[in-house]
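Student: Chain B: place on chain A using the hints.
Top to bottom, those sequences are chains A and B. Just so you know, we're using my numbering here: the first sequence kicks off at 1 and counts up by one. Just so you know, we're using my numbering here: the second sequence kicks off at 1001 and counts up by one.
Derived from the structure by calculation, the hints contain no laboratory data. Treat the hints with caution; some may be incorrect.
Straight-line Cα separation of at most 27 Å, DSSO-like style, residue types lysine-lysine; simulated pairs [unchecked claim]:
no.	chain 1	residue 1	chain 2	residue 2
1	B	1081	B	1070
2	B	1070	B	1329
3	A	127	A	111
4	A	61	B	1348
5	B	1070	B	1328
6	A	96	A	61
7	B	1348	B	1358
8	B	1120	B	1206
9	B	1344	A	61
10	B	1206	B	1348
11	A	111	A	138
12	A	127	A	28
13	A	61	B	1329
14	A	55	B	1344
15	B	1070	A	138
16	B	1264	B	1120
17	A	111	A	61
18	B	1344	A	18
Okay, the calculated bits of chain B under chain A, using three or more residues with CB under 8 Å as the criterion [as the list claims (entries may be wrong)]:
no.	segment
19	1050-1061
20	1123-1130
21	1176-1188
22	1339-1346
Just so it is clear, CB atoms sit at the ideal spot from N, CA and C, and this is done for glycine as well.
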Amino acid sequence: MSGTLDSTGIASREMFEKLLPSAQRRAKGPYVVMECYEEIPCNPCSTSCAFHAVKMEALNKCPGVDYDACTGCGSCVSRCPGLACFVINETVGDGKIDITIPYEMLPVPQKGDIVDALGRDGFVVGKAEIVRVLSGPKMDHTNVITMRVDASLLYDARSIRV
Amino acid sequence: MKFTDVVVIGGGPAGMSAALAAAETGVRVTIMDRWSELGGQLIKQTHRFFGSERERAGTRGIEIVDILRKQIMENPRIEVKVNTDVLGIYSDRVISYEEGDRYGHMTAEKIIISTGAAEKMLQFENNDLPGVYGAGAVQTLMNVYGIQPGQKVLMIGAGNIGLIVTYQLLQAGVNVVAIVEAAPRIGGYKVHASKVRRMGVPIYTKTTVKAALGDTHVTGAVLCDMDDRFQLVPGTEREVEVDTICLSVGLAPLSELISHTGAKMHYIPQLGGFVPERNENLETTAPGVYVAGDVSCIEEATAAMIEGSIAGLSAAIATGMNRPDVLKKRDEWIEQLNILRSGKTGQKIRDGLALMAKEG
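In isolation and in its complexed conformation, chain A is listed as follows (with noise of 0.2 Å):
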């Protein structure tokens, strides 16, 4: 695991970046990104999943997602107990993409408002409009939270202030 991540909490772009499906599969349509870098004893995201798209070989190993079967659907967006997925959709057109985040904070934001997008280390990277707001009894106060921002943010964006 890269030492940056150990003692700063952010994933660098090089980590991110080797979890991006193909070219192929991003100009598709919405996937999802695990950003789960250390192996830990959980596996939510897996048995979440309704299209068996994630694996995991073991209880203690890191997930892999198979980009054939994922649909985007962002279910294991609100069942990962560490935060850690996230649903990206490149193919919104005019220099925009959807990031969908799990948001656990209050207030929630409302479809149409345009709020600040953060970076993985909070300070604000531009501005993103909100698209599409889950939040029923079946997230369990684990938001599931669309936000458009700037194509150029992917690394980037992470979270949001409202």
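Tutor: Chain B only, in chain A's frame:
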């Protein structure tokens, strides 16, 4: 004198699981806890748990406690004694206790000790000022009573508790100025660290708190760099303005009651300090005395619940409930615990257990 089959001392995740596992085999169980309700530290854990689905991974601690409490209340073989302090355990397994304001004693064929752990204190100037809290107290204020402990918090320690409590402070609308960690690496899960980083909380490794500032309450703190040998680096002192200093610098097993039983104890740093020798079935060297959870090994609640199930079944088996289905269930839990500990994060525990076996 009152008699029961199994007494469980301590009603946290380990104890509740132990009581349920034992009672489900058919034995009578009394579970004692010094607080007014069962649950232990689970009642403050608002985050989703790790582990596998069988161990309720993905479920929040506060929801797990409701499930376990309900199962205990519905089980006619479990007697619950809350507001009960156990005072002593004697060699013939007589347990003396204070229940509310009444003194009582009872005997049990088997005893399971699951008294958990206590937070460690950190030495620094002015550490007795109001505003210096343990992370457990901060969690109790926020998550049990809905009270913000302060407005600007400095967190000491980047283990899982420090990271999780930081996140819960942010959820409660409290500003966390920084997390400082004496070690060069973040001790807790990196997913927890990433969660608080993207909410804007910096983590300073190789850094500690040298002093709390203030006359009547905390108004700030002096931070200082630490070198690789955990010594303060002179000249690196700087002040931060905070009204709360929250300590999460580790836990120590509350193993005093185990010492009463005459069970052999070991000092194993990897397991958290003085812990009892025990076998795979979690029986100590004191006949009929079992242990489960943080009291025997500082780990996390998922492991504590599995250990509770193993100890509960072991105690029941030893009273005569040695049916094949019960033995099989215990084997499954032992296997489950081994799987949980088999990864990188379980290395410390495995090392500690190996050291204990070597000391013999």
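Student: Starting from residue 1081 of chain B, check that the Cα of residue 1070 of chain B is at most 27 Å away, please.
Tutor: Roughly 15 Å between the alpha carbons, so the hint for residue 1081 of chain B and residue 1070 of chain B holds.
Student: Is it true that the CA of residue 1070 of chain B sits at most 27 Å from the CA of residue 1329 of chain B?
Tutor: holds (22 Å)
Student: When you check the alpha-carbon spacing of residue 1070 of chain B and residue 138 of chain A, does it fall within 27 Å?
Tutor: holds (22 Å)
Student: Residue 111 of chain A and residue 138 of chain A: Cα distance at most 27 Å?
Tutor: Satisfied, since the Cα-Cα distance of roughly 19 Å is no more than 27 Å.
Student: The segment 1123-1130 of chain B covered by chain A? Criterion: 3 or more residues, Cβ-Cβ distance below 8 Å.
Tutor: n = 0 at 8 Å, threshold three: violated.
Student: Given the hinted pair residue 1344 of chain B and residue 18 of chain A, is their Cα-Cα distance within 27 Å?
Tutor: Given pair residue 1344 of chain B, residue 18 of chain A holds - Cα atoms ~21 Å apart, limit 27 Å.
Student: Below or equal to 27 Å on CA atoms is what counts here, so check residue 127 of chain A against residue 28 of chain A.
Tutor: holds (25 Å)
Student: Hinted pair, alpha-carbon criterion (27 Å max): residue 1120 of chain B, residue 1206 of chain B. Please report holds or violated.
Tutor: Holds, at roughly 19 Å.
Student: Are residue 61 of chain A and residue 1329 of chain B close enough, with their CA atoms no more than 27 Å apart?
Tutor: holds (25 Å)
Student: Just to be careful, I want the Cα atoms of residue 61 of chain A and residue 1348 of chain B compared with a cutoff of 27 Å; is the pair within it?
Tutor: Distance of about 17 Å is within 27 Å: holds.
Student: Tell me whether the statement that chain A covers the segment 1050-1061 of chain B is true, taking a Cβ distance below 8 Å and needing three residues at minimum.
Tutor: holds (count 7)
Student: Assess, step by step, whether the Cα of residue 111 of chain A is no farther than 27 Å from the Cα of residue 61 of chain A, and give holds or violated.
Tutor: violated (36 Å)
Checked against the numbered hints above, the structure violates hints 6, 17, 20; every other hint is satisfied.
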